[in-house]
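Enquirer: Please construct the entire structure, taking both the sequences and the accompanying hints into account.
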Amino acid sequence: MPSTAEITARCQELYDDLDFTYAREWKAKDPSRKVVGFLPVYVPRELIHAAGALPLGIYGGGESLEVIHGDAYYQSYICRIPRSTIELGVTKRLDFVDGMLFPFVCDVIRNLSGLWKVMFPDVMVRFFDTPQNFKAGVGGDYYVHELNELKEALEKMAGRPISDDDLRNSIKLYNENRRLIEEVYALRMREPWKAPSSEVYLLMRAGTIIDVEEHNQMLRDYLEATKAEDRPIRDNARIVITGSFCEQPPLNLIKSIEMAGCYVVDDDYHLVNRFLVGEVPVEGDPIRSLVDAFLTSSVETASKYVPEEADKGQFLVEQVRRSGAEGVIFAAPSFCDPALLDRPMLQHRLKEADVPYIAFKYAENSGQMQPIREQAGTFADSIKLWSETSEAAE
Amino acid sequence: MSAKEAVKEPSMLKQKEMIARNYDLLTSKQEHGRAIASTFVPGNLNELIMCFDMLNNLPEINAIQNGLRRQSGGMIMDAEKQGHSEDVCTYVKADIGMMAKGNIAPNGKPMPNPDVLLLSYTGCFTFMKWFELLREQYKCPTVMLHVPYEGDGKPTKNMRDYIVRQLKEEVIPALEKASGVKFDIDKLREILKRSAAAEDNLVWVLNSAKAKPSPIDSYFGGVYYIGPIFTAFRGTQDAVEYYELLRKEVQQRLDEGRGPMTPEGVELTEQKYRLVVEGPPNWTSFRDFWKMFYDEGAVVVASSYTKVGGMYDYDGFRHDPENPLESLADYCLGCYTNRNLPTRIDILAKYVEEFEADGLLINSIKSCNSFSAGQLMMMREVEKRTGKPGAFIETDLVDPRYFSAANVKNRLESYLQMIDQKRRSKPAAA
Amino acid sequence: MSVITAGIDIGTGAVKTVIFKNDGDNHEWLAKRCDRIRQRDPFQLAERAYDELLEECGLKRDDVAYLATTGDGENLSFHTGHFYSMTTHARGAIYLEPEARAVLDIGALHGRAIRVDDRGKVLTYRMTSQCASGSGQFLENIARYLGIAQDEIGPLSQEADDPERVSSICAVLAETDVINMVSRGITAPNILKGIHISMAVRLAKLLKSIGATEGTVLMTGGLALDTGLVAALNEAITKEKVSVVAKGHTESIYAGAIGAALWAAYRHQKLAKLGHLAMAS
Amino acid sequence: MQTFIGIDLGSTTTKAVQMDSDGNVLGRGITNSRSNYDTAAAVAKQEAMVASRLTLFHRSLSGIAGADTVKAFLESLERNFRLVQFLEQLQDLEKTCKRNAENPRFDSIRKPMAEALDEVFVRLGADAKTQFKPGAERKSDFFRDLAGSRYMHFGDEVAKEAGLRFDDLLHVYDKSIIEVENRPPAGDLRDKFLAALDAVKNEGHVSLGASEMDTLITGALDTGLDETYVVGTGYGRVRLPFPKEHIRSEILCHGLGAHLMYPETRTVLDIGGQDTKAIQVDESGIVANFQMNDRCAAGTGRYLGYVADEMNIGLHELGPMAMKANKSLRINSTCTVFAGAELRDRLALGDRREDILAGLHRAIILRAMSIISRSGGITDQFTFTGGVAKNEAAVRELDKLVKENYGDVTININPNSIYTGALGAAEFARRAVS
Ligand SMILES: Nc1ncnc2c1ncn2[C@@H]1O[C@H](COP(=O)(O)OP(=O)(O)O)[C@@H](O)[C@H]1O
Ligand SMILES: Nc1ncnc2c1ncn2[C@@H]1O[C@H](COP(=O)(O)OP(=O)(O)O)[C@@H](O)[C@H]1O
Ligand code: SF4
Ligand code: SF4
Ligand code: SF4
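Residue numbers (the numbering used here), protein chains in the order written: chain A, 132 to 525; chain B, 2 to 431; chain C, 5 to 285; chain D, 21 to 454.
Do not rely on the hints blindly, as some may be mistaken.
Here are a few chain B residues that face chain C, going by a calculated C-beta distance under 10 Å [as the list claims (entries may be wrong)]: (1) M78; (2) Q83; (3) G84.
Straight-line Cα separation of at most 25 Å, BS3-like style, residue types lysine-lysine; simulated pairs [to be verified]: (4) B:K423 to D:K264; (5) B:K82 to C:K125; (6) C:K251 to A:K482; (7) C:K25 to C:K36; (8) C:K243 to B:K82; (9) A:K287 to B:K9; (10) B:K82 to C:K25; (11) B:K178 to A:K443; (12) A:K266 to B:K158; (13) B:K292 to D:K264; (14) C:K245 to B:K82; (15) B:K410 to B:K292; (16) B:K213 to B:K82; (17) D:K347 to D:K264; (18) C:K243 to B:K102; (19) B:K158 to B:K9; (20) C:K209 to B:K102; (21) B:K211 to B:K102; (22) B:K188 to B:K178.
The set of hints was computed from the structure by calculation and includes no laboratory data. Ideal Cβ positions, reconstructed from N, Cα and C, are used throughout, including at glycine.
Expert: Now the structure itself:
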């Protein structure tokens with residue numbers, strides 16, 4: 132059985148590999164195989180999987196990609212992820228990808244879909260919209276049509292039909308994936324020292340890169356391995372990270388937060404993994420099932436409208452409560468409209484609930500960690516020096 | 002804005018009077034009791050709002066007004082002090098800052114709270130957060146109208162059905178409730194007829210810039226021409242009259258071979274450069290910005306900003322009394338920023354060609370991802386298609402901190418000198 | 005029983021070291037010292053300063069119950085523990101000025117506004133961004149350019165009659181702005197005051213954003229000594245209609261080190277109570 | 021004769037080029053930019069005229085003396101001319117320093133201060149002679165740099181001896197140098213050349229007869245150099261006291277200047293003190309597209325300035341040091357002001373100075389690559405201009421990245437590349453008349 136270190140090393144390798152060797156090799160195994168890239172925040176990977184394709188998460192270029200051409204497409208006041216994604220495209224690192232989905236997150240990724248259409252005319256490029264109306268007969272019907280359109284496009288690309296049973300099977304696999312992921316998160320909530328946030332982060336990223344069944348095995352191995360290992364407990368504060376749902380922070384930042392005295396007990400890093408909460412029913416019309424899951428049991432995030440004022444921000448408050456967090460860190464990419472416009476509203480809700488919070492911005496290639504450590508450290512200091520709960524933890 | 006005021010043409014006076022009247026109506030709600038809806042310029046459903054005898058208050062327009070009056074800088078700072086990020090759209094912050102300052106309308110009276118927020122979610126992500134933020138303050142009913150983005154460059158039946166569905170099941174009931182007035186589709190048809198009439202004249206006016214010299218400036222002047230139709234007046238008799246008046250004036254200038262009037266009261270008839278402009282203008286230094294153009298003899302013959310609140314020329318859309326709700330849906334779908342990038346490239350390239358422009362100038366707005374993300378690629382594509390050079394300047398809408406006059410001037414001058422130098426080197430080819 | 009604690013604040017510009025004798029809530033400040041780094045290794049500098057200061061007090065390393073670092077001192081090999089800058093500046097400020105309810109810490113490259121309670125707990129804070137606009141370093145460069153010594157900046161700035169605002173956001177491009185001003189014949193006091201105003205407006209904004217609306221604001225860090233900045237800040241605060249008063253303190257530059265030494269005492273006590281004393285020595 | 025002058029008023033340096041009516045460059049002049057733009061422009065122009073005179077000397081001498089003699093003569097003439105010029109400015113500086121030392125701030129140390137200044141200037145004067153000895157190498161040709169570094173040196177010595185604070189002496193200097201360098205250049209060039217000619221004679225390295233001398237003086241010194249047309253450019257151009265038609269945008273000037281130096285140029289990169297520009301030009305040097313940084317000075321030449329300051333070394337030493345790197349560290353923040361801090365951070369983490377420097381140079385060039393890419397990429401040939409082109413480490417990184425991203429293109433770097441903008445401006449001046 133692999134150790135956590137071995138699993139993490141494998142994940143790190145996948146994370147560092149900007150040539151996407153895994154996906155290339157996966158595809159090369161069978162000429163009928165296709166790869167469909169997708170950007171944050173959410174796409175129904177079940178549908179891609181059911182078409183016999185590999186859904187591949189594209190999270191920009193991270194901290195190591197030197198962006199040379201990307202800046203030719205984006206002004207300085209736009210976040211980093213579109214420019215590094217373009218860099219990946221221009222440098223042919225994505226030349227094996229058959230389709231690209233640009234889900235609705237914000238206008239930047241929305242517009243990137245058009246850019247991609249112009250620049251890579253041979254790729255199946257789609258802007259993927261989800262409804263902002265959550266009534267089954269209004270937004271639901273619209274979404275059913277959208278999913279059917281997407282399904283047709285995928286069928287055309289894959290050259291084969293997607294049967295309801297294909298889709299049901301995929302939903303089943305992803306249900307298992309969701310269940311295991313929740314288990315890892317639950318483990319970290321209980322005993323955060325056993326699952327450092329950088330490890331969990333890499334583990335979750337792997338899920339957006341490799342085949343779902345392989346990831347399920349990886350998750351099982353990890354859960355098993357943590358049981359066997361004993362790791363020292365540190366005198367840290369427990370916090371939830373929010374606002375990092377699209378462009379990802381550099382791994383160093385994630386490590387710095389923990390080093391500065393914070394255990395991350397919940398986050399919104401790779402939301403696609405956890406976008407649908409709980410099981411998607413396998414019986415009945417599978418498209419409808421995906422639609423209903425989206426309408427009624429998906430997470431609250433900045434790019435989704437919240438119809439009732441009273442409900443706004445409650446998801447986060449609940450997250451804090453459930454994870455026993457002592458505070459929230461708002462970590463948002465610079466120039467990220469969704470995260471930054473949402474932030475004041477969420478903060479009001481936290482204030483009402485008496486939850487302390489801090490906020491900072493990052494870019495996927497931020498190099499200076501000193502300010503981050505400083506802020507996270509001060510936050511942890513103040514929780515540790517002053518809160519009654521951590522007294523007991525000593 | 003201490004420069005002497007130019008002679009006002011009748012259409013200008015009429016517009017001024019219309020705007021003043023509307024602000025007076027808004028601020029005297031106490032007296033007449035008509036309900037107020039707030040909504041956005043793109044996807045502005047003024048006809049529908051009128052059906053319920055409601056008043057329409059557009060926060061973007063308030064932000065523009067505050068920008069022109071140079072009030073917005075302070076308001077933005079106020080909003081930032083309240084915890085809003087420096088990075089986000091300054092329209093939102095100007096609006097929130099205005100609220101903090103007592104929501105004083107340009108006529109000096111306090112603006113009453115809206116009765117309903119009509120979140121016409123068209124072409125811009127920020128709208129959603131903007132009204133979530135306002136909703137938090139006003140605690141008033143808020144109704145979302147989700148207008149899907151034309152990702153593939155065309156509206157689909159599914160999109161149209163979805164919008165009509167929302168109009169029927171969400172928007173109309175919400176407006177009925179807020180106003181206490183029952184929906185009357187025939188009234189809507191009447192209003193839509195007037196919209197279409199005004200739209201015809203607007204398109205005529207915008208197309209007049211194909212003439213040489215152009216009788217209008219389609220950007221700096223254009224923002225005034227679109228005023229009524231993008232705001233609370235589309236569908237009113239006032240708007241119909243305004244555009245008739247405007248058309249006559251332009252017709253006269255056209256006949257006499259005259260150019261547009263600059264704020265300094267001189268006519269720009271010697272037009273050395275014809276430009277197409279993409280992106281909204283800067284409002285805090287609007288006059289200075291404009292001056293940089295006319296001082297060099299540059300006239301804008303077409304612009305995309307004059308299409309944000311409705312696109313009437315490219316594919317000939319008109320509001321249609323025969324299909325009222327469907328045409329409202331089509332109107333929303335067709336707004337400029339709801340179109341995908343390949344379509345926007347096509348629109349701009351056609352403008353450069355049809356208006357015989359010297360090139361495309363992009364005024365990229367820091368605030369506005371909807372407009373700005375992807376503009377550099379658009380510029381290069383338009384250059385490629387038309388063979389005409391493009392230029393790129395960066396400013397902001399209402400944040401004076403992001404308007405660097407020296408920078409803009411430097412870029413504009415370099416660009417125009419470049420066009421000039423090119424022309425001189427190939428006199429035959431030109 | 006009294007305990008000796010020490011605080012070392014390793015900054016970007018200087019290393020500040022202090023030693024305290026603590027007896028419950030009584031804190032006696034035994035010694036202090038500030039060394040400008042100037043291209044030297046801050047860790048070696050800190051070690052030397054610490055040892056010399058101990059010697060000055062007739063103490064040995066073993067006499068110190070808890071040595072706390074702050075600033076960039078996380079990696080100092082011989083410390084007992086580390087507290088982050090804002091935590092220590094907050095505590096140091098309360099020590100220097102018990103009425104302080106907010107702290108403005110402005111050093112060579114950073115600016116932080118911290119709201120604190122009467123026990124020195126950090127309530128909220130804001131930091132200036134990664135962009136160095138309006139930093140102390142910038143002011144230093146301009147002063148050098150204008151041929152003005154650091155301690156002259158404050159008095160000169162207060163002689164201004166028609167301050168000229170700097171328009172650029174960028175600290176580098178602002179230098180050119182300033183050169184432009186000189187070329188237009190703007191006087192040094194008016195330029196300095198203009199820069200002070202720009203900085204003050206941003207700092208006032210920072211203060212307002214942390215909700216510091218009443219009481220005293222203590223300036224800490226190197227720029228607390230700049231009377232011109234303090235004056236401009238108070239003017240900006242008045243304009244914002246916030247009823248706070250900003251003050252400098254002659255020992256402001258030590259706030260971080262003081263805070264570290266005092267938290268060290270607190271932590272030591274807590275650990276002693278919990279029987280973790282081994283950890284603290 | 022008719023001459024045409026282009027002046028490029030940059031943020032860091034001001035450059036002038038003087039051209040004859042056939043488009044031949046007669047002389048180039050450079051000085052550091054300063055707050056008085058007129059003075060900066062006047063000094064640069066004067067420097068160009070000095071160089072032009074030297075060219076004329078060269079021309080008129082070439083007919084009558086052998087190549088070695090000409091070379092030795094010109095070397096000696098220029099050196100002596102510089103010495104005369106330097107001593108004159110030094111005198112001005114001395115007077116100004118003494119005046120500034122009367123500031124009430126120094127009341128308590130008035131006497132030792134005056135004595136110390138006397139001593140410093142005695143040493144400076146003596147030192148000047150060695151600095152301008154044949155074969156001596158000078159750090160810079162700008163009075164500010166030259167006098168400044170020597171002043172620090174002697175000031176430190178003298179302060180120690182006299183028990184004064186060095187900071188006080190330094191302060192007087194900082195104040196005075198600004199006054200001195202903002203005063204318009206004084207004195208007549210002709211007189212200075214005559215004095216220098218005397219000195220050349222006295223040195224006795226070059227023997228020229230009286231009649232040859234006369235020919236020289238009439239041929240070179242007395243030839244009129246009319247300023248037929250002057251064109252100004254550069255970031256400070258709007259503040260030049262020129263009418264509008266005498267001003268051209270720096271983009272156009274750089275484009276044209278690069279074209280004149282290398283007619284096959286299609287892409288130009290200019291990294292100056294505060295801006296980085298990428299310009300695309302066509303076969304006649306006409307600008308087709310351009311991009312430049314604005315609002316943020318990250319990754320410009322000034323960035324290297326901050327780094328050099330932080331390390332207490334000269335700008336020209338940075339490149340060579342970076343060349344000694346074993347590897348290039350990844351530096352992400354290109355904020356100019358933070359460059360120093362990042363350097364310090366890295367040093368604290370135990371990284372080598374050379375490797376960090378290599379990383380910093382790469383960061384600048386990466387930024388420049390983005391701007392190039394924005395302007396439309398690189399088309400053969402590619403010309404690199406501006407002050408940073410003098411930095412070999414920057415050039416090396418550029419070379420690598422250009423090859424990696426655009427394949428095999430010719431990269432032109434001219435030793436006179438810093439004058440590109442002024443050259444373009446001079447050509448515009450010439451064209452304006454013809
Ligand atoms: N007397 C003074 N007047 C004005 N500014 C001063 C004075 N002394 C120091 N400074 C400023 O203080 C800064 C250093 O502040 P400090 O808080 O020690 O920074 P850090 O903690 O980063 O080392 C220097 O950059 C300098 O500009
Ligand atoms: N001798 C040198 N060696 C290396 N770099 C130099 C040298 N001289 C100047 N530089 C660089 O060139 C920059 C100035 O470039 P310049 O083209 O003169 O700028 P500007 O046109 O803005 O005045 C300086 O900031 C410095 O980085
Ligand atoms: S990081 Fe934020 S602004 Fe950027 S693409 Fe993602 S959601 Fe949009
Ligand atoms: S982002 Fe653009 S379209 Fe949206 S509100 Fe702001 S300025 Fe308007
Ligand atoms: S704007 Fe200036 S100070 Fe800010 S990051 Fe850029 S170079 Fe640094």
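Enquirer: Run every hint past the structure and note whether it holds.
Expert: Tested hints:
{"no.": "1", "hint": "M78", "result": "holds, 6 Å"}
{"no.": "2", "hint": "Q83", "result": "holds, 8 Å"}
{"no.": "3", "hint": "G84", "result": "holds, 6 Å"}
{"no.": "4", "hint": "B:K423 to D:K264", "result": "holds, 20 Å"}
{"no.": "5", "hint": "B:K82 to C:K125", "result": "holds, 22 Å"}
{"no.": "6", "hint": "C:K251 to A:K482", "result": "violated, 30 Å"}
{"no.": "7", "hint": "C:K25 to C:K36", "result": "holds, 12 Å"}
{"no.": "8", "hint": "C:K243 to B:K82", "result": "holds, 14 Å"}
{"no.": "9", "hint": "A:K287 to B:K9", "result": "violated, 60 Å"}
{"no.": "10", "hint": "B:K82 to C:K25", "result": "violated, 41 Å"}
{"no.": "11", "hint": "B:K178 to A:K443", "result": "holds, 23 Å"}
{"no.": "12", "hint": "A:K266 to B:K158", "result": "holds, 19 Å"}
{"no.": "13", "hint": "B:K292 to D:K264", "result": "holds, 16 Å"}
{"no.": "14", "hint": "C:K245 to B:K82", "result": "holds, 13 Å"}
{"no.": "15", "hint": "B:K410 to B:K292", "result": "holds, 10 Å"}
{"no.": "16", "hint": "B:K213 to B:K82", "result": "violated, 50 Å"}
{"no.": "17", "hint": "D:K347 to D:K264", "result": "violated, 50 Å"}
{"no.": "18", "hint": "C:K243 to B:K102", "result": "holds, 15 Å"}
{"no.": "19", "hint": "B:K158 to B:K9", "result": "violated, 46 Å"}
{"no.": "20", "hint": "C:K209 to B:K102", "result": "holds, 16 Å"}
{"no.": "21", "hint": "B:K211 to B:K102", "result": "violated, 44 Å"}
{"no.": "22", "hint": "B:K188 to B:K178", "result": "holds, 18 Å"}
In summary, the numbered hints that this structure violates are 6, 9, 10, 16, 17, 19 and 21.
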